[in-house]
Structures are given as structure tokens and as C-alpha cells.
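In case you want the letters, here they are:
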Amino acid sequence: MSTATHKLLKGATGDWEMVIGMEIHAQVISNSKLFSGASTTFGGEPNSHVSLVDAAMPGMLPVINEECVRQAVRTGLGLNAKINLRSVFDRKNYFYPDSPQGYQISQYKSPVVGEGEVLIELDGGRSVTIGIERLHLEQDAGKLLHDQSPSMSFVDLNRCGVALMEIVSKPDIRDAEQAKAYVTKLRSILRYLGTCDGDMEKGSLRADVNVSVRRPGGPLGTRCEIKNMNSINFIGQAIEYEARRQIEILEDGGAIEQETRLYDPNKGETRSMRSKEEAHDYRYFPDPDLLPLEFSQEFVDDLKAKLPELPDKKKMRFVADFGLSAYDASVLVAERESAVFYETVLDKLANRARDAKMAANWVINELFGRLNKEGRDITGSPVNAEQLAAIIDLIGEGTISGKIAKDLFEIVWQEGGDPRALVESRGMKQVTDLSAIEKVVDDIIAANPDKAAQVKDKPQSLGWFVGQVMKASGGKANPQSVNDLLKSKLGV
Amino acid sequence: MSVDATTVRRIAHLARIAVSEDEVPHLQGELNAMLAFVEQLSEVNVEGVEPMTSVTPMQMKKRQDVVTDGGIADDIVANAPATEGHFFQVPKVVE
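Chain order of the listed sequences is A and B. Per my numbering, the very first residue in the first sequence carries number -19; after that it's consecutive. Per my numbering, the very first residue in the second sequence carries number 3; after that it's consecutive.
In short, the hints are calculated from the structure, not lab data. Warning: the hint list may mix true and false statements.
What the hints assert, rightly or not - Each computed DSBU-like pair below joins lysine-lysine, with the alpha-carbon atoms no more than 30 Å apart: (1) B:Lys94 x A:Lys286; (2) A:Lys247 x A:Lys286; (3) A:Lys284 x B:Lys94; (4) A:Lys89 x B:Lys94.
Stated by the list, open to error - Counterexamples of contact, computed for chain A against chain B with all Cβ distances above 12 Å: (5) Val108; (6) Arg186; (7) Glu249; (8) Arg263; (9) Gln434; (10) Lys456.
Where is the CB? At the ideal position from N, CA and C, for every residue including glycine.
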């Protein structure tokens, strides 16, 4: 990896390089839990989405949800990863009130998905491939509430047993920008696949970030793990802070202690989670309640055949088929909903080959611009894909100018309605009738004899006349016709 | 393989089982006896033998993705020593 793709940190004694690896916990989209028939719906009355299996009542046995297996395999395929036809569930033993079993059912030595990779895009068109180490299925834990009583913690097991995919990256990430791009891209892929909703606020996607520093290209340093990050921006801030903290310790001649830390977004710093770090001792062993998870290559091939088009491929297609710039294409494919919207506009266009690029500009500049201004997302857009396609058709066929189109867009945004009918009823059509424009041109030349005389010496002042004619026509004159007429009348 | 007194105390702690100091030697002896018993298995040569997970050839049973359970919060917390509004209550645990 060349140094151009990532940032080094300047220390008092020279440059330092960050080495970052991530474990992302992504909640699987399914109706029921990984090993029980209770609902996965977020929220709900306390302990109402809990079966006797989730509560670990004696004698209850786990039975795996086949859809969760499919979702894990789909995700593996989306990460170009090796799918293991045989994997094993293990017990990860720990004692805490969020897990009534006293262990989490997880996968340790034999995960369902092996090595893969994710391509991330950075500013300025740079891109880096981040390796995926593995993906495994495991149970989510319950939720603890500490603020309900001074002496007791409250336990709600609704989330307990919901399927999680733990996606472990290789330590290939080299700075905060890459880390943010990695989470963003992974989230986008999961949402395209429909395997995780990626809602970080609700905790559907959480990241543990391992950070260490070293001399560029040198031997690896000791790492610290920042737990439970649920915001992409905080991940960036936490990494910057943590790397600085480690550099300071090392430059003062100290040593990094391997530990788990938490990021406090209010203070902008990480702090140690346990004063006396107890070495993880999970005493993993194969869960005797579960046989190995086995499926056939046909099962995998079938899922692969039905996989939706993913962002990288879609981007390449937008560039190749519609001549979009790589940048515009990445903006459109970043969120699944945006890509769907753009493709719906394309479907509705009268002349897709002619107007696909203009449609991209309109979606990105006018629509996204306006949505951002009002803090809305694409699913809440007042202008739908059909209406936007109609506006673009009207520009493409020359019925309205680009300037009028912006006014029309505003009317549709505010009031709704069929753009073509609005253009008729409000007289917004572009005037291409030469005699009508000629009249306006003549009037303006007659009213400004001085300026008309100057044009021969200063051809650039022709623009002033074009502006005046456009203004007088209420923006409806065809700018090309106006330009041609003025040139012939003023003799330039 | 055998365990020392420190390991016995550690295992007890990880499992949150209160073991008094005078119980340790006894438990240590019991655990070591079990380990020695199991260790006899290592006499068997299993070179190239796949681990057996089931006596009969079986596939793991799978469940369809439908909600068939839940809505029994009363039953879930019925045996808990302390509850409030269908929450379990446990002595405060804060990291």
C-alpha cells in the first residue's frame, strides 16, 4: 500500500502509522431470532419478544433459523468471501445479566464465512481494498437499564438471541478516513443485500475498533480495542484521539497496555473500560446442543444467482452505459434508495440515451441539494421519480429551458402535480417562434442604441443583450435562438 | 494436564460460584481426577479421523423464519426473585 492512500501522524520523534482492524456487529434482518421463534421487532414491552429458549429455561434447546443462515451466506457472497459449507457453533462462556444462558452461542474456529474483501473509495478518486478475515453468526445479548433504580439494574431480553453477523476485517485500515469509508461501504453493501438495515442509532450496526500505532511499515504495536461505536463520525474521532494518546505514551518512553476502551463523544476522548483488565477467558467449546451447520454448494449457488446488483457493479454500469463520471456514479450508488430513485427516473425517461446524464445531474444537484437543505432523505422526497423524469423530458425535447425547469421543479416540490400539464397551464413553454423573439430583440436594441454600437468593439457585451431578452421574455425564449438573432442584427 | 489452586479459584470466579478457601484443595483433587480420567482418551490414535458429532448420520434441524413464540412476559419473569413491570431486576452492574 503506498503512503499516498493514507495519513501519517506527526509525532515529536517522527512519523507514525496507524494500524486499524474492525469487528462490526450487524443485526441480521429476519422475522424471528437465530435459535427461537420469538420476534426480532425492535422495542416492544419488556420481555414480550422472549421465548423460553431466549430466557435459557432448563431443558430448552436451540433450533437454527434457516433464513439467518441464508442472510449470512448472502452477506459473505456480497463481500466476495469464501463460503464454508460446514461450520460449527461454539459456546463463548461469560457471566453477565444480559445473557441468561451464561454463554453466547457463536462461531469460533469454524465460521460460516471465510476471507473476503471490500473496496473502499476515498477522496480524490483513490481507492483501497480492505481484507475481510471472517464472518460468523452469533446471538445478540439482552439490554440492561441502569437508570431506573439506584440499587438495581433492569434486564429486558427482547434483543437477546437476535441473530448478529460479526464481520471481522483484516488489520488493513490505515487511518480514520479509511475506517469511516470502510464502515460506510460495508453498511451500503449490507443494505443493498437486505441482510442488515444498518441503522446505527438503533444499534443494528455497531463497531469495535482495534487501534495500534507503529513506525511506517515497521513491526506492529500493541493494540487497544474501542468498544461499541455506533456512529461513523465518532469512529473517526475516536481513532484520531486514541492514536494520539498511544503516540504520546510511546514518545514519552512508555508502553501501551492492551485493553478495552470506551469513547466518550462529549469529552472527545477514550478511557479505559476496566481498571483491572481481566484477560478474556471465554473457554470456547463446541455447543453440544447443535450439530455442525452444513449446506450444499447448490444452496450457495442459488443464493448467488438471486443476489441483487451491488454498489461497485452498479457504479461501473452507470459509467459504462450512461457516461456518468465516476464521482457522480458513486454519489448515486452510495445509498441503495438513491440508486433505486435514479433508476426509476431512467425507466420513465422518453429518451434515456439522450438524457441519462442530465437526469444524474438533476438527481444529484437539484434533488439531493434540496433534500439536504430540508434535512430530508430520498424516501421522503416531495418530487417523485416520475415527476422528475417528466421535467427532464421537457428540457430534453426543448419545451422548456434549464432555467424554467428549475422554477418548474420548485412548483412541483411545493404544490405537486404533473409537470407537463403545469407547463401548459402556466404558460412556461420555451418560445422558439422566431417572430415573437425578434420583436423583443428589436425593442431592446432600439431602446439601447449606445450599447448596440459598442457590441462591434466589445463582442463580450453581447451577453448583456442576451440577458435582457431572456428577462423580457420571462426566461421562456430559447437562448440559442436569441443568441443567433442578436448576432445577425448587431452584425457580430 | 492438571489444575493448581489458583486455577480452581479462577474457574469458580468465572462461573460466579462462591468457593471458600478450605474447599479449594478438595475441588482441586476432584477436578484433577476428572482430567486424568478424560486424559486416557489421548492414548487413542485419531490421526486422520474426522470428529464424530452424531452416532447416526444427521443434518441439523432448521426452523422457518416465522414468529411462533413470545408474548409470555409473565411466564418469563415468573421465577425471578425481583421484577418490576416485566423487567428482571438484578443487583446493579455498571462498567
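Results of checking the hints against the structure:
Annotation: proposed proximity of B:Lys94 to A:Lys286 is violated, straight-line Cα distance about 48 Å (limit 30 Å). The straight-line distance between the Cα atoms of A:Lys247 and A:Lys286 is roughly 46 Å, outside the 30 Å bound, and the hint therefore fails. The hinted pair formed by A:Lys284 and B:Lys94 fails the criterion: a straight-line CA distance of about 47 Å is larger than 30 Å. For the proposed pair A:Lys89 and B:Lys94, the alpha carbon gap of about 34 Å is over 30 Å, so the pair is violated.
For A:Val108, the non-interface assignment is confirmed: its Cβ lies about 34 Å from the closest Cβ of chain B, beyond the 12 Å cut-off. No Cβ of chain B comes within 12 Å of the Cβ of A:Arg186; the nearest lies about 15 Å off, and the non-interface call holds. Under the 12 Å C-beta cut-off, the non-interface status given to A:Glu249 relative to chain B holds; the minimum distance is some 16 Å. With 12 Å as the threshold on Cβ separation, the claim that A:Arg263 sits away from chain B is violated: the shortest Cβ distance comes to roughly 7 Å.
For A:Gln434, the non-interface assignment is confirmed: its Cβ lies about 77 Å from the closest Cβ of chain B, beyond the 12 Å cut-off. Look at A:Lys456: its CB is around 58 Å from the nearest CB on chain B, clear of 12 Å, so calling it non-interface holds up.
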